[in-house]
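Here is what each chain is made of, one letter per residue.
Number of protein chains: 2
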Amino acid sequence: MSQVFHHHLEKFIKIDEIEFTSILSFFKTIKVKKKEDLVLEGQICKTNFFVLNGCLRKYFINNKGIEQTTEFAIENWWITDNISYEQETPTAFYIQAVENSEILVIDKYSQEKLLKDFPKMERYFRFIYQRAYAASQIRMKYLYDFTKEEFYDHLCKNHPEFVQRVPQYLIASFLGFTPEYLSEIRNKKRS
Amino acid sequence: MSQVFHHHLEKFIKIDEIEFTSILSFFKTIKVKKKEDLVLEGQICKTNFFVLNGCLRKYFINNKGIEQTTEFAIENWWITDNISYEQETPTAFYIQAVENSEILVIDKYSQEKLLKDFPKMERYFRFIYQRAYAASQIRMKYLYDFTKEEFYDHLCKNHPEFVQRVPQYLIASFLGFTPEYLSEIRNKKRS
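So the sequences go chain by chain: S and A.
Numbered by the UniProt record's numbering, the letters in the first sequence go through residues 1 to 191 in order.
Numbered by the UniProt record's numbering, the letters in the second sequence go through residues 1 to 191 in order.
Rather than coming from a laboratory, the hints here were simulated on the basis of the structure.
Hints are supplied without guarantee of correctness; some may be wrong.
Put simply, identical chains are the same to the list, so a pair is met inside one copy or across any two.
Listed below are the simulated DSS-like cross-link pairs for lysine-lysine, each with C-alpha atoms no more than 30 angstroms apart in a straight line [to be verified]: (1) Lys64 to Lys189; (2) Lys64 to Lys141; (3) Lys189 to Lys157; (4) Lys148 to Lys34; (5) Lys46 to Lys157; (6) Lys148 to Lys64; (7) Lys31 to Lys141; (8) Lys33 to Lys11; (9) Lys157 to Lys11; (10) Lys34 to Lys64.
A quick note: this is a predicted structure, and the numbers were derived from the prediction, not measured.
Please model the complete structure; the sequences and the hints are all you need to start from.
If you want it as structure tokens, here you go:
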């Protein structure tokens, strides 16, 4: 399963098998069950997660006491609360498994040592954060520009595999709908 | 003025004067007047901007034909449309000077060459994108969690120098208010 990570790294930098074995030694591999929590609100988010297979999500409890999902991570994506991770402050988020998942886990100090020992990983993480930042800029535009219905249409059109894969109540939580309202929209689209 | 950039780089990596002179040769320095456009919607955003002094903003024209500001960049911040810059696709944004500003400008190919010639700049840009991504995660939470009034209160409390510095109609454009509505809220806060 760790070969998923090697293959992913190879998209950005050249890593031979010996290097990869050393790089992998900085990580732990864990398996989590669907709905298992990896991070709870108020904790310091001490680790960064890379999804080998499965799906994780990040959410917070909003003012109305409702779970607001802000991010999903499927295969080959990283997820953490970056502010909490970097500044070692309590997180406002939860991170939870959406599916049974296999995850690479690294803590901040191991990640720093990894970057020191393998400077080419600076290039890799530069690409990763650059891509994540670009995606968040577009997401921000959608949040300002789209109605919730338009955002749902956009998801269905551009990421149909995602809409199929993730339970509908979590799609609703991502869009800021109630599950009932999402159901209504879906019925409207069908008719 | 370029020493602002050297000082900024030194926060992340060690750069001596000779290296800095070489690094600087990858950039152009330009001066822009208040309200001057650097990027227009529909163009390919070919350059990345670093603010030496002054202030830039990024905005798009929303469905209602109104300017929606999504980002400001003051001294020591980078700004571009990262998707357009990286994928060489037409941008949906405008980038405009909020104040008379002095800017370092680099195009994508020069930035790639810079990273190749000075691998330590990978580390620098890794920090920059990591920081920008973390900031955008928090911003996303605010967009979901705060009412517009709460977002304004948060800005006033946590970034008073910013609220003082930027014209009120642009603060309104950032928050998604009409200038009249912002004026109303400000009067309420005063009374």
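Against the structure, test the hints numbered earlier, and report the numbers of the ones violated in rising order. Per hint list: zero violations.
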